[in-house]
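2 protein chains.
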Amino acid sequence: MHFSDDTVSGGVREQLFSLGDVPCVLWTPATPAAGPLILMGHGGGQHKKAPGMVARARRFVLDAGWSVVVADAPGHGDRPTDEHFDRRATELQARVEAGEDFALLMAGFHELVAARTVGEWRSVLDAVQALDHVGTGPVGYFGVSLGCGLGVPFVAAEPRVRAAVLGLGGGAANTEHAARISVPVQFLMQWDDERIPRADGLALFEAFGSAEKTLHANPGKHGELPRFEVDANVAFFRRHLVEG
Amino acid sequence: MHFSDDTVSGGVREQLFSLGDVPCVLWTPATPAAGPLILMGHGGGQHKKAPGMVARARRFVLDAGWSVVVADAPGHGDRPTDEHFDRRATELQARVEAGEDFALLMAGFHELVAARTVGEWRSVLDAVQALDHVGTGPVGYFGVSLGCGLGVPFVAAEPRVRAAVLGLGGGAANTEHAARISVPVQFLMQWDDERIPRADGLALFEAFGSAEKTLHANPGKHGELPRFEVDANVAFFRRHLVEG
Numbered sequence: 001m002h003f004s005d006d007t008v009s010g011g012v013r014e015q016l017f018s019l020g021d022v023p024c025v026l027w028t029p030a031t032p033a034a035g036p037l038i039l040m041g042h043g044g045g046q047h048k049k050a051p052g053m054v055a056r057a058r059r060f061v062l063d064a065g066w067s068v069v070v071a072d073a074p075g076h077g078d079r080p081t082d083e084h085f086d087r088r089a090t091e092l093q094a095r096v097e098a099g100e101d102f103a104l105l106m107a108g109f110h111e112l113v114a115a116r117t118v119g120e121w122r123s124v125l126d127a128v129q130a131l132d133h134v135g136t137g138p139v140g141y142f143g144v145s146l147g148c149g150l151g152v153p154f155v156a157a158e159p160r161v162r163a164a165v166l167g168l169g170g171g172a173a174n175t176e177h178a179a180r181i182s183v184p185v186q187f188l189m190q191w192d193d194e195r196i197p198r199a200d201g202l203a204l205f206e207a208f209g210s211a212e213k214t215l216h217a218n219p220g221k222h223g224e225l226p227r228f229e230v231d232a233n234v235a236f237f238r239r240h241l242v243e244g
Numbered sequence: 001m002h003f004s005d006d007t008v009s010g011g012v013r014e015q016l017f018s019l020g021d022v023p024c025v026l027w028t029p030a031t032p033a034a035g036p037l038i039l040m041g042h043g044g045g046q047h048k049k050a051p052g053m054v055a056r057a058r059r060f061v062l063d064a065g066w067s068v069v070v071a072d073a074p075g076h077g078d079r080p081t082d083e084h085f086d087r088r089a090t091e092l093q094a095r096v097e098a099g100e101d102f103a104l105l106m107a108g109f110h111e112l113v114a115a116r117t118v119g120e121w122r123s124v125l126d127a128v129q130a131l132d133h134v135g136t137g138p139v140g141y142f143g144v145s146l147g148c149g150l151g152v153p154f155v156a157a158e159p160r161v162r163a164a165v166l167g168l169g170g171g172a173a174n175t176e177h178a179a180r181i182s183v184p185v186q187f188l189m190q191w192d193d194e195r196i197p198r199a200d201g202l203a204l205f206e207a208f209g210s211a212e213k214t215l216h217a218n219p220g221k222h223g224e225l226p227r228f229e230v231d232a233n234v235a236f237f238r239r240h241l242v243e244g
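From first to last, the protein sequence lines stand for chains A and B.
By our numbering, the letter at position 134 of the first sequence is numbered 134, and the numbering carries on one by one without gaps.
By our numbering, the letter at position 169 of the second sequence is numbered 169, and the numbering carries on one by one without gaps.
The set of hints was computed from the structure by calculation and includes no laboratory data.
Where is the CB? At the ideal position from N, CA and C, for every residue including glycine.
All the pointers check out, no bait thrown in.
Restraint ranges, calculated between C-beta atoms of paired labels, are given here:
1) B/ASP86 - A/LEU62: 56 to 64 Å
2) A/ARG227 - B/GLU224: 26 to 34 Å
3) A/PHE102 - B/GLU176: 29 to 37 Å
4) A/ALA103 - B/GLY65: 45 to 53 Å
Selected chain B positions facing chain A (in silico; Cβ < 8 Å):
5) LYS213
6) THR214
7) LEU215
8) HIS216
9) ALA217
10) ASN218
11) PRO219
12) PHE228
13) ASP231
14) ALA232
15) ALA235
16) ARG239
If we strip away everything but chain A, and leave its shape as in the complex, we get:
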């Protein structure tokens, strides 16, 4: 765990670190609270410090006093170039443009990436929970779009995760992983998602093995998740990680 930067701004401490070749960011309350920890997965083409990630993390830290950690996914952000992934990504793009089924191709790609990220994110949890100002409190997961595709196998595999917000993803490849998830899930769908067919999103919601799962669907496209859903995310995590 190699720290490269440590700053405080507006009540939020931000530490940049890498674990092997995985660049990560950790946000904690400036005054340590040792409450829950949220691991977030970013969207495709984004990275650990994309504006939406920063904004959501600040809400979790400032409104709730929690810690948030994000790792760059393979082929994203500050990760070193990976010829294998780049080749697969370029190939995927070409096949999508050639008219092959987007959902199936994407699902296969997520499966490939998740085979790597599940282990990486477990190591990130190990490392971050060993820090005094984070500790081993309850863990939640947040991830939509690519963060859902990679999050479903992660949440299924990692027993430290006690509640998960997932969404903007479909069931094409993930239904088997989804069926093994038993923790509460809040699932976000965009009703007019131009990338995930509605039936595919509903199929993933349907597939979660959890006794408690709630679907939140709003009008709008893939990138138009309403800001008020962050309030619902905070309330959900509070119920399961703090009061639960």
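Keeping the supplied structure of chain A fixed, place chain B upon it in accordance with the hints.
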């Protein structure tokens, strides 16, 4: 407006009154706050003071400081016997047992009842808003099941309602009314509802004309709406009636 009872218990003032032959209950904070007013519609076979109505009203009054008013629907609670409605209800029951389409029959019955309740509920709003300890603040509507069947035409017709929680209802008869609704809607569905086919519930969500509408779907049957949805209702009304 004839008051028959006025009591205070645990911070909540309860006033029973009737308006013509419509028995109503008004709950307000023991210390008047003159904030938003929520008009609630009760479920079929229930009444204005059914346990679920009382519990939800107490949350609105105690957690948020709002006022809540409920009227007994025709054929329910303390309403005088109405041979016309009783005959239609008995006839409906017989046709359901004979295998006719439940959703269509129910929709027709709701239409019949709503032709009466829309006007009744407007008069209830007039009367209650004239009270000093309620006043003319923003109005919200809450109603599921029968409260949705009657609520959709009411919310469509009544401009004082600025936000509505609806649910456990289908689109069979209400899509035309639903299309005329433009205020924010939070729509509650039970994913395994044995009375409302899933496609019928989704069709009603689809039909709302509102730019902001959110579907909340949870596993479980018609009567198993999770208690945590009340928190989501409070957050929704707060956003639109207090902060909006």
